[in-house]
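Add chain B to chain A, keeping to what the hints say.
First to last, the protein sequences are chains A and B.
With the numbering used here as the guide, the letters of the first sequence map in order to residues 1 to 135.
With the numbering used here as the guide, the letters of the second sequence map in order to residues 1 to 213.
Think of the hints as simulated: they come from the structure by calculation, not from any bench.
Glycine included, every Cβ here is placed at the ideal spot set by N, Cα and C.
Among the hints, a few may not be true.
Said to hold, decoys possible - Using 20 Å as the maximum straight-line C-alpha spacing, the simulated EDC-like pairs for lysine to aspartate or glutamate come out as follows:
id, chain 1, residue 1, chain 2, residue 2
1, B, Lys183, B, Glu194
2, B, Lys183, B, Asp172
3, B, Lys183, B, Glu156
4, A, Lys21, A, Asp71
5, A, Lys46, B, Glu156
6, B, Lys183, B, Glu210
7, A, Lys46, B, Asp198
8, A, Lys46, B, Glu194
9, A, Lys21, A, Glu8
10, A, Lys78, A, Glu16
11, A, Lys46, B, Asp201
What the hints assert, rightly or not - Anything over 12 Å on all C-beta distances counts as not near chain A; from chain B, calculated:
id, residue
12, Ser6
13, Ile19
14, Ser36
15, Thr48
16, Leu176
17, Ser185
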Amino acid sequence: MNVSLCREDGTYEAGEQLKAKWRISRVSLEQLQGLEVSVLWHTEGKGDEDLHVHHFYRLGEAELQELGIDDLQAISCKLPLSPLSYHGHLIHLRWCIRLRLFVEGRREIVAEQPFHLVSCRGGIASNLTHRSPSQ
Amino acid sequence: MNGLVSNPFCTRFVRPGAIPYQFDSFDVAGNPEGSSDLAQMSTQVSETRHSVIVGPHGSGKSTLLQTLRPHLQAAFCDLLEVRLIASQPQRRMVFEASERLHAGGLFVVDGMEQLASWQRVWLFWHSIRRNYSILATAHRPLRGFATLRNTALSAEKIRQLTEQRIAAMPDDTKNLILNELSKRSLGPETNLRELWFDLYDIAERMIALERSG
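Here chain B stands alone, though its shape is the one from the complex:
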C-alpha cells in the first residue's frame, strides 16, 4: 500500500522514552546484562538520597529516566515525577508535588536547571525534612547531588543510534542520511533530538519520492 512507510525520525519514534536508553557496551532492550545495569542504577538512587543524571540537551536524560522507571517503581514505595521545560517551567507544580510525596518515596524532577538556585536549595532541605529521595536531570552536576550518569554522546554513538533508526530504509535514503551525518560536527555537545529533527526532512523527501513512484 502506498503512503504507509513511517519516517524513522518522526516524534512517535524519537520522543523521550520511545527508544530504550542504550548503554555503551550493550543494548538494554531484552538484554539481561542491561537490566542488571539498570537495577544497579536503581539501587544507587535508593542508597544516595540525592542523585542527578547529567547531560546536554537531547542526549537521552529523559529517555534514561523512562527506561529506569519500572526499576524505580519497584524500589520505592511512592514515586512522583515532574517534567520542567523552558517554555512552561510550572515551578509551582514542583512544590505542590513535593508536598504530596510520602516519606521514603522518590521525587523525579526532569529538568532541574529550570528551578532557581533558591528553589533547588528549598527542595533539597524539604526532601531531608520529609524523608524522600530526589532523582533529577540537569545539564550540569548539581551541588549536593551524586551524579548517577553522564549521558553525553560520542560521535560514534550518535552514528550508531542513527544507523539503528534508518536500518529499514532503502539504501539510497540511508546513504543520503549517512552523507549528511558525515558533514556534521558530532560530539558530546550535539543535540541528538535536533539532529534527528533535521534528518526527518531528508527522510521525508525520500519517502515522498518513493510514494510518487
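The shape of chain A in the complex, shown without the other chains:
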C-alpha cells in the first residue's frame, strides 16, 4: 500500500485542503475485506499518548471490489486550524494519513503517510524546530 501527498514537502497550512492519493499493491483483489482511511494526529514521546481522528471513511469488501486495485484513489479533506505539528524533546505531535487494510485470515496491513500542519508555510522552520533553550 502506498500513500502520496499532493505536496513534495508534505507541509500544509492550517485550514488548507489536504489532497492525497493511495493505491493498494501486492495484495490480490480477492483477499481484500475492508479498508479504513483516516486523517489523524497523534502524540508520541515519553508520556501518555493522545490521538484524534479528523477525517475518516471506511470501504467495505463490495466497494473495494468495485474500485479495483489498478487505479490511484483520492483522499481529500479540509484540515483544521489546530493542533499544529510540534516537535519538542518530551512530546511530538504528528499528523498523518493512515490506511488500515483488512485482508483474508484476519490480517491487517497499516500504511502511514506523515505530513506537517503549520500556521503559515513561511514559518515552517520555526514551527518544526522549536525547542526550549535547555534542550
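Just chain B now, kept in the frame of chain A:
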C-alpha cells in the same frame, strides 16, 4: 521531510504489548514455533486453575499477557482482565470483575502484588467456588499458583532487545546508545522500561541534531 523520525523508545513503541513478547530461542512474531509455544502456555493456563507470570518491574510480564491474549480468548469461554498499578490500585475493581465472570472463564489480574494477602486468599477461594481460572502477574511466585514463566531478562537479552529497537537509527546514534548500555550493570533485576526511558533522551538529542542539520 524534516521532523518525521520517531524515537524508537517513545511510549508508542515500548508500552506493554507494543512489541510481541520474545522467547529466548526465537521470535514469536510470525514464527509458527513461537505460536506453538504460546498455545502450549495457554493450554497450561487452562489445565492449571491458578497460574502466575513472575518477573521484576519492566521485564515483560504485561507484554507476555498481551501476546498470550488471543490464545487465551480462544481457550476460555469468558475472559476479564484488570490491571493494577501502584499509584491507582483500584482493588474494588478486582472484586466487582470477579463477580461478573462466568463459570469456566479466565480472570487475568495484572499486578497481583498490589492486593493485600487476605484479598489474594479471598480471590483464590472465590475462583474455586465460582469455577473460574486465574492468570496473574507478580514480582514473586504466589502460594497456590503454578509459575507459568519467569520473565527476568538476561543482560544479553536486554542488549538484543535494545539493538532491535535502534536497528533503523543512524550509526552514530546506535553507537552512543550501545556505549551507554555498556556502562550500565544489566541483569535480571534491570527494569527494561526504565532503561529505555533513559535511552529515549539520548535518541531524542541525536534526532534533534539530525533535524537541525
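To see whether the hints hold, each was checked on the structure:
Simply put, B/Lys183 and B/Glu194 have alpha-carbon atoms about 15 Å apart, close enough for the 20 Å limit, and the pair holds. At most 20 Å may separate the alpha-carbon atoms for a hinted pair to count; B/Lys183 and B/Asp172 meet this at roughly 17 Å. Distance hint between B/Lys183 and B/Glu156 is fulfilled; the C-alpha atoms sit about 14 Å from each other, no more than 20 Å. Between A/Lys21 and A/Asp71 the alpha-carbon distance is near 10 Å, which keeps this suggested pair within the 20 Å criterion.
A C-alpha spacing of about 25 Å is found between A/Lys46 and B/Glu156, which places the hinted pair above 20 Å, so the restraint is violated. Restraint check for B/Lys183 and B/Glu210: the C-alpha separation of about 25 Å exceeds 20 Å, so the hint is violated. For the hint linking A/Lys46 to B/Asp198, the alpha-carbon distance of about 10 Å falls within 20 Å, and the restraint holds. With a C-alpha separation of about 11 Å, the suggested pairing of A/Lys46 with B/Glu194 holds against the 20 Å cut-off.
A distance of roughly 13 Å separates the Cα atoms of A/Lys21 and A/Glu8; the hinted pair therefore holds under the 20 Å criterion. Between A/Lys78 and A/Glu16, the direct Cα distance comes to roughly 6 Å. Compliance with the 20 Å bound is thereby established for this hinted pair. Restraint check: the Cα-Cα separation between A/Lys46 and B/Asp201 comes to about 9 Å, which is no more than 20 Å; the hinted pair holds. With a least beta-carbon separation of about 6 Å from chain A, B/Ser6 fails to lie farther than 12 Å from that chain, contradicting its non-interface assignment.
Every beta carbon of chain A lies more than 12 Å from that of B/Ile19, the smallest distance being close to 15 Å; the non-interface claim holds. A cut-off of 12 Å between C-beta atoms confirms that B/Ser36 is not in contact with chain A; the least separation is 18 Å. With a least CB separation of 28 Å from chain A, B/Thr48 remains clear of the 12 Å interface cut-off, as annotated. Annotated as non-interface, B/Leu176 keeps its C-beta farther than 12 Å from every C-beta of chain A; the closest such distance is 16 Å.
The non-interface label for B/Ser185 is consistent with chain A: the shortest C-beta to C-beta separation is roughly 23 Å, beyond 12 Å.
In terms of the numbered hints stated before, the structure departs from hints 5, 6, 12, listed from lowest to highest.
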